[in-house]
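Trainee: Sequence:
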Amino acid sequence: MRHYPLYLIALFTLWGCSAPSINEYTLLTTQTVYQDKAPLSSKSLSVALSKSVASLSGKNIIYLHENGETGAYLYSRWSDTPSLMLQRSLLTSLYAQGVFTSLSPSTSVAKSDWILESDLDAFTHRILNDKSDGYIDITYRLIDTQSKRQIASKRFVVSYPSSSTNATGGINALKSSEHELNRQCIEWLKTIAKEIK
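Using the numbering used here, the first residue of the sequence shown is number 118, and each one after it goes up by one.
Each hint should be verified, as a subset may be incorrect.
Okay, derived cross-link-like pairs now, DSBU-like style, lysine-lysine, Cα gap no bigger than 30 Å in a straight line [said to hold, decoys possible]:
#: 1; residue 1: K271; residue 2: K228
#: 2; residue 1: K271; residue 2: K154
#: 3; residue 1: K271; residue 2: K248
#: 4; residue 1: K154; residue 2: K228
#: 5; residue 1: K311; residue 2: K176
#: 6; residue 1: K314; residue 2: K271
#: 7; residue 1: K265; residue 2: K168
#: 8; residue 1: K248; residue 2: K154
#: 9; residue 1: K248; residue 2: K314
#: 10; residue 1: K168; residue 2: K307
#: 11; residue 1: K311; residue 2: K228
#: 12; residue 1: K176; residue 2: K292
#: 13; residue 1: K314; residue 2: K168
#: 14; residue 1: K292; residue 2: K311
#: 15; residue 1: K176; residue 2: K248
#: 16; residue 1: K307; residue 2: K228
#: 17; residue 1: K271; residue 2: K311
#: 18; residue 1: K271; residue 2: K176
#: 19; residue 1: K307; residue 2: K248
#: 20; residue 1: K292; residue 2: K271
#: 21; residue 1: K314; residue 2: K228
#: 22; residue 1: K154; residue 2: K307
#: 23; residue 1: K292; residue 2: K248
#: 24; residue 1: K292; residue 2: K154
#: 25; residue 1: K265; residue 2: K307
#: 26; residue 1: K292; residue 2: K168
#: 27; residue 1: K271; residue 2: K168
#: 28; residue 1: K228; residue 2: K168
#: 29; residue 1: K248; residue 2: K168
#: 30; residue 1: K307; residue 2: K292
#: 31; residue 1: K265; residue 2: K228
#: 32; residue 1: K154; residue 2: K311
#: 33; residue 1: K265; residue 2: K314
If you are wondering where the hints come from, they were derived from the structure by calculation, not from laboratory data.
Kindly produce the complete structure, drawing on both the sequences and the hints.
Mentor: Right under this line is the structure:
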């Protein structure tokens with residue numbers, strides 16, 4: 118009977134070792150060629166973290182079924198919140214494109230001419246019958262920091278087909294959707310930058 122606690126410790130140790138590990142994933146920007154020419158705009162831009170729905174405020178990788186059922190994958194998660202990953206990714210892509218004179222996250226003490234705010238409504242692995250995709254729904258607002266006036270806003274709904282209906286397929290599809298989102302957002306910002314020097 119005196120060895121009973123040792124048996125319990127050994128049992129819990131073995132049970133803990135046999136539990137599946139949790140894999141972490143992140144968003145990486147696509148390879149881009151850095152621009153050496155003068156910036157397209159003389160403005161400075163700061164990019165704010167997206168305001169998101171509660172289900173996207175953590176690191177869970179969310180899936181959504183056609184009937185509206187949502188959940189999170191048990192053994193896969195993001196390395197950061199979707200809002201933080203999207204902010205970093207967009208800043209990196211903007212640096213590479215050379216659109217603005219200077220760039221910073223909104224947490225920086227540096228003052229900027231414009232700030233890009235956003236509302237993130239979806240960042241999910243959407244499963245429809247036997248098909249699925251990486252689905253992003255986000256609305257960007259470009260604000261003049263001096264006048265507090267909204268210069269422009271645009272909603273982006275982007276999806277990219279997934280190769281499978283499991284977590285790996287969803288993660289890869291969301292990465293592709295994120296690359297396309299950055300491309301579309303930067304083209305939109307370039308158009309505005311050309312109009313407002």
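Trainee: Indicate, hint by hint, whether the structure satisfies it.
Mentor: Verification of the hints:
1. At most 30 Å may separate the alpha-carbon atoms for a hinted pair to count; K271 and K228 meet this at roughly 24 Å.
2. In summary, the hint linking K271 to K154 is supported, as the alpha carbons are separated by about 28 Å, within the 30 Å threshold.
3. Pair hint K271 plus K248 holds up; C-alpha atoms about 28 Å apart against a cutoff of 30 Å.
4. Restraint check: the Cα-Cα separation between K154 and K228 comes to about 24 Å, which is no more than 30 Å; the hinted pair holds.
5. Between the alpha carbons of K311 and K176 the distance comes to roughly 37 Å, so the proposed pair goes past 30 Å and is violated.
6. Using a Cα cut-off of 30 Å, the hinted pair K314 and K271 holds, with the two alpha carbons roughly 20 Å apart.
7. About 18 Å separates the Cα atoms of K265 and K168, which keeps this hinted pair within 30 Å; it holds.
8. About 43 Å separates the Cα atoms of K248 and K154, which puts this hinted pair outside 30 Å; it is violated.
9. Restraint check for K248 and K314: not satisfied, since their Cα atoms lie roughly 45 Å apart, outside the 30 Å limit.
10. Distance restraint check for K168 and K307: the Cα-Cα separation of roughly 23 Å lies within the 30 Å cut-off, and the hinted pair is therefore satisfied.
11. Distance check on the hinted pair: K311 and K228 sit about 22 Å apart at the alpha-carbon level, within 30 Å; holds.
12. Of the pairs offered as hints, the one joining K176 and K292 holds, with about 15 Å between alpha carbons and a cut-off of 30 Å not exceeded.
13. Restraint check for K314 and K168: satisfied, since their Cα atoms lie roughly 28 Å apart, inside the 30 Å limit.
14. Between K292 and K311 the alpha-carbon distance is near 29 Å, which keeps this suggested pair within the 30 Å criterion.
15. For the suggested pair K176 and K248, the alpha carbons sit about 24 Å apart, so the restraint of at most 30 Å is met.
16. About 21 Å separates the Cα atoms of K307 and K228, which keeps this hinted pair within 30 Å; it holds.
17. In summary, the hint linking K271 to K311 is supported, as the alpha carbons are separated by about 17 Å, within the 30 Å threshold.
18. Taking the CA atoms of K271 and K176, the gap is near 26 Å; set against the 30 Å cutoff, the hint holds.
19. Using a Cα cut-off of 30 Å, the hinted pair K307 and K248 is violated, with the two alpha carbons roughly 34 Å apart.
20. Taken as a hint, the K292 and K271 pair is honoured in the structure, with Cα atoms around 21 Å apart against an allowance of 30 Å.
21. Proximity of K314 to K228 is assessed by CA-CA distance (about 18 Å); at most 30 Å being required, the pair is judged to hold.
22. Proximity of K154 to K307 is assessed by CA-CA distance (about 15 Å); at most 30 Å being required, the pair is judged to hold.
23. Under the criterion of a C-alpha separation no larger than 30 Å, the hint pairing K292 with K248 is consistent with the structure, at around 17 Å.
24. Using a Cα cut-off of 30 Å, the hinted pair K292 and K154 holds, with the two alpha carbons roughly 29 Å apart.
25. Pair hint K265 plus K307 holds up; C-alpha atoms about 21 Å apart against a cutoff of 30 Å.
26. Between K292 and K168 the alpha-carbon distance is near 20 Å, which keeps this suggested pair within the 30 Å criterion.
27. A threshold of 30 Å between alpha carbons decides the hint, and for K271 with K168 the separation of about 15 Å falls inside it, so the pair holds.
28. Between K228 and K168 the alpha-carbon distance is near 21 Å, which keeps this suggested pair within the 30 Å criterion.
29. Simply put, K248 and K168 have alpha-carbon atoms about 29 Å apart, close enough for the 30 Å limit, and the pair holds.
30. Straight-line distance between C-alpha atoms of K307 and K292 comes to about 23 Å, which keeps the hinted pair within the 30 Å bound.
31. With a C-alpha separation of about 14 Å, the suggested pairing of K265 with K228 holds against the 30 Å cut-off.
32. Between K154 and K311 the CA atoms are separated by roughly 15 Å; this keeps the pair inside 30 Å, and the hint holds.
33. The straight-line distance between the Cα atoms of K265 and K314 is roughly 18 Å, inside the 30 Å bound, and the hint therefore holds.
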